[in-house]
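Asker: According to numbering that gives the first Met the number 0, the sequence shown is numbered sequentially starting from 0.
Think of the hints as simulated: they come from the structure by calculation, not from any bench.
All values derive from a computational prediction rather than experimental measurement.
Heads up, none of these hints are tricks.
Simulated restraints, written as ranges between beta carbons of each label pair:
{"no.": "1", "residue 1": "E208", "residue 2": "S143", "range": "16 to 22 Å"}
{"no.": "2", "residue 1": "L40", "residue 2": "K202", "range": "37 to 43 Å"}
{"no.": "3", "residue 1": "E112", "residue 2": "L40", "range": "30 to 36 Å"}
{"no.": "4", "residue 1": "T216", "residue 2": "V16", "range": "32 to 38 Å"}
{"no.": "5", "residue 1": "L40", "residue 2": "I91", "range": "19 to 25 Å"}
Glycine included, each C-beta is placed from N, C-alpha and C at the ideal position.
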Amino acid sequence: MAKIRGIILLIQFSITVAITVCAMYLFRNHTHKVIKIWMKLQMKFLGIKLETKGTLDESCDLVLMNHQSLLDIIIMEHIHNRDLAWVAKKEISDLFFFGHIIKAPRMISIDRENKAGIIHLFKEVKDRLDKGRPIAMFPEGTRSDGTKMLKFKAGAKMVGNKYKLKVQPVLIFNTRNIVDSKKLEASPGVVKVIYLDPVQADKSTSWFEDTEEEMNTLFQEEIKKYDS
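Make the full structure from the sequences, and use the hints.
Answerer: Structure (structure tokens):
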């Protein structure tokens, strides 16, 4: 059944992505509204229920999240009221047609193989911040298998320190069990979101390492509940 739902999701997703991309280009000044409508549709289609702990501070200009599924982005876009600017690897924006899901809403695309990538990242981040858009990043750099968190990459730390950003750490659980794009499986379920206390980025402190440790500790404590 999960495989059938996964195939149906792929078909639905392909069609709605195409419609959403076209809508974002047609209504260039309302891309965020278009995204919100699309995400609301995805939440209903997937049969997702949310369980939250803590408080989301939308005054933060940098959101850091663990990453295990495409659904992570859908969840945060559905929850967050501001126009998030996601940092994505260039390979995604280079995809034929589907890459426009990054280009149309003016997300940030970076080439991790390019040594000048960090300079480009800083420039793009400043542009989005100047436009009042918070930056959303997966500090692990790629998806985990959902059983553990990966070592954080330095990019999020550099961005936070460079612009002295207020940071909202977020943990999301069970998204991989609901949507596993590698296995092409989908099932309805409950996604738990934990908001950690915001922290101020400052290069004179160990905020990044402390945040990584806190997120790891809470992740391991929570994941045990799913194993039991």
